[in-house]
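*Asks:* Here the protein sequences come in this chain order: W and D.
When you line the first sequence up against our numbering, it's residues 1 to 149, in that order.
When you line the second sequence up against our numbering, it's residues 1001 to 1259, in that order.
There's no promise every hint is true.
[As the list claims (entries may be wrong)] Here are some chain D residues the structure puts well away from chain W; computed CB gaps all over 12 Å:
1) Arg1044
2) Val1058
3) Ile1089
4) Leu1127
5) Gln1188
[Said to hold, decoys possible] Computed, partial: chain D to chain W, Cβ under 7 Å:
6) Pro1035
7) Gly1038
8) Phe1039
9) Pro1040
10) Leu1043
11) Tyr1047
12) Val1051
13) Ala1055
14) Leu1091
15) Val1155
16) Val1159
17) Val1197
18) Leu1198
[Stated by the list, open to error] With a straight-line cut-off of 20 Å between C-alpha atoms, the simulated SDA-like cross-links for lysine to any residue are:
19) Lys67/W to Ala98/W
20) Lys57/W to Asp1196/D
21) Lys57/W to Gln1071/D
For the record, the hints were derived by calculation from the structure and aren't laboratory data.
Glycine included, each C-beta is placed from N, C-alpha and C at the ideal position.
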Amino acid sequence: MAQRTVEVIVGLFMVAGIAAMMVLALQVSGLTLKAPESSYTLYANFNDAGGLTPRAKVSMAGVTVGKIREITLNRETFQARVVIDVDASVDNIPADSAAVIRTSGLLGEQYIDISVGGDMESLGDGDTFYSTQSAMNLERMISNFASGQ
Amino acid sequence: MEKLASFGRRGLDILASLGRSGRFLAGVVGGVPKPSVGFPLLLRQLYSIGVLSLAIIVVSGLFIGMVLGLQGYTILSDYGSEAAIGQMIALTLVRELGPVVTALLFAGRAGSALTAEIGLMKTTEQLSSMEMMGVDPLRRVIAPRLWAGFIAVPVLAAVFSVVGIWGGMMVGVEWLGVFEGSFWGNMQSSVSFTSDVLNGVIKSIVFGFVCTWIAVYQGYDCVPTSAGISSATTKTVVYSSLAVLGLDFVLTAVMFGDF
């Protein structure tokens, strides 16, 4: 076979490989080409972080507005301290909003839902949520119900 | 006593062979020919071991993806969570089956051919006549084949994963009626580019390296008889498959294990 034909076919082969990597990156792992949006940091203290994990989503009214950066234990209060990155475009979250841990679907992963308050002031970089609601623990609910509490 | 001695001799033979293969690898990887000479040779090899392997990779990828879709659906629909089929197919293919099955198919399709070709060159004394002419066969014959293998396997593995996911989508979404939005959505939320896709690529690079190295070395080191070529070809397929499966466990433990 002529060298030229081999070159073209091998070129096509490499292009197929690069295209496959692009599909894996963009379509399968959902990587976006746009630069990471600038964000600001909020904190929330939960009595029970449940199955919340870093990189889990943070949403308002079902729209994703940020993600969880890290979860640590507060050694003084023994609460879970969750660090949240919120998109800079959402800069008017009322100061009395609550952070609630919810589960998507019956077996889905857990995420933080911000239930909106009515305060005129809004949360800024480094603020902590005033009120939070911990993860729903089915076993604990059943045992509370069974023991009549 | 006699048995013990032969056992020891066997062990020493294996050790010596390992040492020879290491020196061989160092000689080949270091001794790349000049780009003007080497590049056309590399392209020829990429064509014969990469492009020509594409058909078997695409067909097996398609069927494996379709089987994953079918099996996943029957298992997951027992729990009413058949929407998770997308992430199941994508994670299995990208993390495990893509690199491993590609490497196994590559060893069978291209590795055996490499061994037989180089073994026959050795048996018919083409390699030694090249040396007489002042052409280093390591550079001229072996190096392009080795590098073509390193490059081709990751490309083939990526194609395998993509075709497999497409096959799984065809079965899951088109035939069994999983909602397409949740198929892709679940997949995208659970597959991470760095820890899943890139780790899969690293795996396929390692497998490509090992498979081609074994194939080329077995050909170069074979006993120069027709029986020698046949046993070298068998060894290539057996050693490559075992090395790929063993290394896969080690790499998985390092990449995804929690310790």
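*Asks:* What hint numbers does the structure not satisfy?
*Replies:* 1, 2, 3, 5, 6, 7, 8, 13, 14, 18, 21
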